[in-house]
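Novice: If you want the building blocks of each chain, they are given just below.
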Amino acid sequence: MTVGEWVRNTSVYRSVIRHGIAPTNRNRSLIIFENLFLHVHPVKVREKTLRFTHTFWLGGITLASTIILVATGILLMFYYHPSVPQAYRDMKELQYVVDNGVFLRNLHRWSAHLMVFSAFLHMLRVFYHRAYRPPRQFNWVVGVVLLLLTLLLSYTGYLLPWDQLAFWGVSVGTNMAKQAPLVGERVRFFLLGGNIVSENALLRFYVLHCVVLPVALLLLISVHIWRVRKDGGVQGPPDDERRSL
Amino acid sequence: MTLRRLFALSSLAFLIVLAFSPVKNALRPYRALQRQFRVVGIARASSGKAAEVYSSRPIAIQQVWIPELNNRVDRCTTCHLGVVDAAMTSAPEPFRTHPPTFHTPRDVQRFGCTACHGGEGLATDEEDAHGTSADATSPILPTEFIEAGCGRCHDAEAVRDAPTLSAGRALMTKSNCFACHKARGHEDFRADAPPLETLSMKTGAEWLRRWLSNPKAVDANATMPNFQLTGDDIKVLSHYLFARPVPPQLQHAIELAGAEPNGDSARGKTLFAESRCISCHTVGGKGNGSAPELGTIASRASRGWLIAFVRDPHAFYPQTKMPRYSFTDADVRDIVAWFEDELKDFDAPADILTPLRVNQTFAEKGEKLFKSAGCFACHSGVKEGERFGPDLYGIGELKATSLDFGKRSDLPRTLAAWLDAKISTPRSFASGLKMPTFAFDAAQKRAIVTALLAIPAIPVPDAYRSTPVQQAAIVPAGPVGEIMTRYRCLSCHQIGRAGGDISTAPLTFEGSKVNHDWLVNYLAVPYSIRPIIAERMPVLKVSKEEAGKLADAIAMIYVDPSTPDDPFLGRPASDHDAAEGERLYTTFGCRSCHIIGKTGGYYGPPLTETKARLKPGWVFRFLQNPQRWRADVRCPNYGMTDTDALRLTAYLETLAEAPAVPVAAAAPARKEAAK
Chain A
27 MTVGEWVRNT SVYRSVIRHG IAPTNRNRSL IIFENLFLHV HPVKVREKTL RFTHTFWLGG
87 ITLASTIILV ATGILLMFYY HPSVPQAYRD MKELQYVVDN GVFLRNLHRW SAHLMVFSAF
147 LHMLRVFYHR AYRPPRQFNW VVGVVLLLLT LLLSYTGYLL PWDQLAFWGV SVGTNMAKQA
207 PLVGERVRFF LLGGNIVSEN ALLRFYVLHC VVLPVALLLL ISVHIWRVRK DGGVQGPPDD
267 ERRSL
Chain B
-14 MTLRRLFALS SLAFLIVLAF SPVKNALRPY RALQRQFRVV GIARASSGKA AEVYSSRPIA
46 IQQVWIPELN NRVDRCTTCH LGVVDAAMTS APEPFRTHPP TFHTPRDVQR FGCTACHGGE
106 GLATDEEDAH GTSADATSPI LPTEFIEAGC GRCHDAEAVR DAPTLSAGRA LMTKSNCFAC
166 HKARGHEDFR ADAPPLETLS MKTGAEWLRR WLSNPKAVDA NATMPNFQLT GDDIKVLSHY
226 LFARPVPPQL QHAIELAGAE PNGDSARGKT LFAESRCISC HTVGGKGNGS APELGTIASR
286 ASRGWLIAFV RDPHAFYPQT KMPRYSFTDA DVRDIVAWFE DELKDFDAPA DILTPLRVNQ
346 TFAEKGEKLF KSAGCFACHS GVKEGERFGP DLYGIGELKA TSLDFGKRSD LPRTLAAWLD
406 AKISTPRSFA SGLKMPTFAF DAAQKRAIVT ALLAIPAIPV PDAYRSTPVQ QAAIVPAGPV
466 GEIMTRYRCL SCHQIGRAGG DISTAPLTFE GSKVNHDWLV NYLAVPYSIR PIIAERMPVL
526 KVSKEEAGKL ADAIAMIYVD PSTPDDPFLG RPASDHDAAE GERLYTTFGC RSCHIIGKTG
586 GYYGPPLTET KARLKPGWVF RFLQNPQRWR ADVRCPNYGM TDTDALRLTA YLETLAEAPA
646 VPVAAAAPAR KEAAK
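Those protein sequence lines, which keep their order, are chains A and B. So for the first sequence, the working numbering puts the first residue at 27; every next one is plus one. So for the second sequence, the working numbering puts the first residue at -14; every next one is plus one.
Isolated chain B (complex conformation):
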């Protein structure tokens, strides 16, 4: 009998134990949250009918299932119930409406949540979904790096509405990260660091020592990172660099230039200013800063080297962004004479430019170091598939538990903290690491970490990928191409997606925009189109013949086919109610930014010379939609009808009869602005 009682009792105990699981199941937190959401929803509902919808919501797991996007299942909306519910703006979390972005609320069903935010979409409890535990498989992206989510699909360097990501990607390219690290989309990356063949005739052992011990201390614009070389390392590297043979032609040119008589320093100073060298360089920190600081240039490079270099930079440094100005021999002599007089480091020792007497043993050691420290990756180029550093593939989704924190026991065990420390103090993790130290500030580090977190382990399917269209043959072959290469138009201007960001004027559709004759004159004597912008286009001393060829080619090649040649359809512009156009000009308030005659604002380009400068078809299309070619154009889109746009075009085109006001005189504020 006792045995039977024991049996009954133990069975009961087992039943109770078994009941644990269903009870736990019924008490899962999302159920309570969904009941709470009903209450919040009813309180916020605008009508009884809307309240009914909330009160009749079933308590159930919600999910977004996207088979095409790596079979993604996101159950975030099980708790975040108000993500696309406009009534839940400013509701308490987790019910609050998603802040409006380009993709929300319209694309929630297309992308789900974890495509941008990371985290474990399958999970239905907070800790697992957000991945807050140390060994979580996919932790959520911290909000400060949220733009990394954009980069999972958007491959382009510049992504709209993602300034941090775009800045990080641009900075990675500029810092030559991909010279050492392999990354998808950067397989063909070539660093643009200068070749070092003429170094022994350019500078001295002391300057090189200073440079190698910390490039940023010598030149704030330096892109070369600090390799934290020891005194011995610097010694052997210097011997190697000074032992490298100078190509005979360059040697000859430098020697000849060094023997030339001194130029006219005062004239050189004027020429330097006229040529607008500080559109790229800086002098004493003033200027654009994308090219070396010239404040102490005469203590950095020998006179012969400088003269020979400015005459033909491309012979020394084929990848340079610097154009080859059409200076005369005397011009260059004068400019360098000014350098020698004024742009000197007067505190530097007298022997700063004294070359090194090469010791062959040291030079051989230096050659080995040049390879083992990775100098070659930027300065000699690398072949495809032989990158010096680790592959960056999938770095954005590395598991925190798989990371090597080495000596850094101070760091939080997260991927973002690890990446941040890797780019701040790369060698603090262990001894013998080779990555150099870059001097990034906090914002730059955040941008780079964002760009790194955007590199996924499993790439999104092609249907979701937004890859910029590759445009071939941006610069035409033949003589025009040679002129464009010589003057390095792409160092500042963008054509399609290629080119630099110094100029605000892309040349992609320049041929549809400006008149041929105006362009010829402009190339000879450039000025700034918008009075508020500092003059930046260098005076390259383009000859009339070259300018003509360039203008011909631009009119032929850089054309937008959707821009009409003649919006007036063969009738004179004055037939199109220019008077009504003038009224529209007043109605839309164009004069607050644009100058006509003598009155108007300085923000936009003066319009008096419209007929001379712009093609009517372009003006017509621009008025219809100013952001048609560039998203960042500030001119408001008034949604003008075709008729109104045509009338306004007609008005602007008939202005030319009035005598053109010289632009230079109309722009007192222009010297300011630029960096």
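Only chain A is shown next, with the shape it has when bound in the complex:
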């Protein structure tokens, strides 16, 4: 009995991984079925859907940048205080004292740019491939909500460095919200926790950026990917188009 066999026979291993190691179709299916995270994905996909030109991997890029953002965001939270005297200073500390702090912050920032950019392109791709049509109409709406969440995350993160750019960016943005008919004033007050961009606004934006919006985003991403499977996998270029080519 090899060591590998012995490990695979322990009850601990068998309680965690319940399928065999043989590369059979059954085992491959079980890998997906038995995993909470993987089972949002179909067990089998067509090979052509993996081709780059099929989807340009835009959804995947968006998802990857989301994962990078969560990881770097959590690390950044260790160094950041959402308070007026500390917030900007913490940016400086990242730059001057924290090991690889500038890299961490820049990674977060550039991933955020990439996420917004690729989410947009993803939506365009879906639109031009007519993938919004039934049966995918529900997932299209989920996607639109995800795009909104992405933009809101981007915007709430903008205030957190608490520099002049952040302050005025949010001043202008919330003043635009104020122009909405009837509810404008209330929306602005609700967002800022007051009538001016102050420490209340900083705290609200921090909570939105680090708790409310990411949780909503992750839940909807799960729904989004799960719906891809339920709706028959990713749709690439429509068949009629392919015929005409």
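Because the hints were derived from the structure by calculation, they are not lab data. Fair warning: there could be bad hints in the mix.
Computed cross-link-like contacts, DSS-like style, restricted to lysine-lysine with a CA-CA straight-line distance of at most 25 Å [to be verified]: (1) K407/B to K384/B; (2) K9/B to K118/A; (3) K118/A to K419/B; (4) K201/B to K329/B; (5) K419/B to K353/B.
Given chain A, work out where chain B should sit, using these hints.
Specialist: The following block gives chain B in isolation, referenced to the frame of chain A:
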């Protein structure tokens, strides 16, 4: 298979890219500097043990953290490793020991570095820490303005060991900057420029034109800046000033004085010299220079006005520093007669004192200009909260990127250069600016820029602030106060922190210092105490009665409670080993500065008259610590024991039996010295 290879390669490429950051982190310049410091330290270490300390230093960021001082974190010592290390004197930068000052090395942990030097304390690389880039948030203070750092905590006008800052602050007060500009601590500032009500009876249109076009050209002592008025501006302002009504009482006094017969010019000249007018004024540039030049006074003011003014300056100009001398009517007539004879601008046109015929339309325009040009700020006073110019709050920490350089594309983009240009040529930035031009020289400009850079955006916490104690009621109310106000003691003497700087003798503890009877005589006929100093105390012609009242009050009020009335504790001074005192007088070399009898130096006051002039308790305390009351007293502190001080006091007090040598005769060098 190719796809897998591609995947492997791209992953490798990503790893390499990711490794950039840790590599950069490991190669940060401070690490190399700290390794270098080990080498320098070991080379300079005096012993093997000291070298061990250097070689075992960890490579790490160093910082001074001061939560109480606006949560300051200064990491300057990450590179400046030898700041408090005595072994690093004259070591190469950045390791050199900080030059010794009042606060270094002892207060480095209390203040950090950026509290005085500015710069970005959080930074750990040179460019960011020193703020050398154009958009740096907090650039370091240039060394030539370093005393601005002192002023961030020290609020007093005069700060010890910071001569440039003190000079700048004094100059700002003297130049009436705070008449137009609001600044913390100067909210109640009132300019002391003369009121202009009697101008139309004082001078003529031509003199006024000359004055308004450039005051400094007319009188080098002028404090009024050049407003760069155009010919039209001067015309309308003149019409306005000549149209202002003269208060009837003053008008009457000037008219009566003008009609008086001429005085005795020769006697006037003597009186002028005896009264020591040039202790404040100048004549042909000779004199103190804190009051107007009198060399051409008769071409500046009419005879009637001059006579009426010298008789009662306070009726004309309540804020004036000039005392009201107890001259007789004839005295003043004689002095002004001398002015009319000698102190004239003989090149001036005959009509220099001819008044202007007022045109009402011009006068109305002039009134508007008087307000819009800001003349009123000094000449009529302003109410609190209505300063004419911009607020100076936080000016010392303005970001260079936020400054308006306007047309001055020639200037370096730094705050110091901007401030310097603002006070040299304020109107060169844009047209329509209102700040007048002051004729400051380079040293004065540097002093003012230093004082401005000392005005912080975020004031230091109260625990770090050194604010001079405000002393109330420096001058007593009632008749004594009236006498002191009349003779303007505070124009020259300091009492507490208030008062002028012309006299070297503060009156704060005068009552503990001098004897009553001596003071009465001195006030009647003042002389200079130290032979080397020119006689400056004006002969104010104080009456015996007034002198008595003043001396009584001074003995009562201006007293240092820690000075004993009788250091000899009721026994006669001669019981205290005066002979030993005399020996001490020789041992300490007192005679090199002081005269006793006929021998000694001229630097300090003669001591023959000690018993008559000084109280023994004061002498005793002074000998224990000559700098007790004034830091700039030159008498060395010998750290005398109480017994020795008492013996020396006893010796000086028993000298009085010897006949006093008239001081005037003992001082050949005294006429020199003063400015």
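Novice: Each hint should be assessed against the structure and marked as holding or not.
Specialist: Here is what the structure says about each hint:
Restraint check: the Cα-Cα separation between K407/B and K384/B comes to about 16 Å, which is no more than 25 Å; the hinted pair holds. At roughly 17 Å between alpha-carbon atoms, K9/B and K118/A fall within 25 Å of each other, so this suggested pair holds. A distance of roughly 40 Å separates the Cα atoms of K118/A and K419/B; the hinted pair therefore is violated under the 25 Å criterion. For the suggested pair K201/B and K329/B, the alpha carbons sit about 18 Å apart, so the restraint of at most 25 Å is met.
Under the criterion of a C-alpha separation no larger than 25 Å, the hint pairing K419/B with K353/B is consistent with the structure, at around 14 Å.
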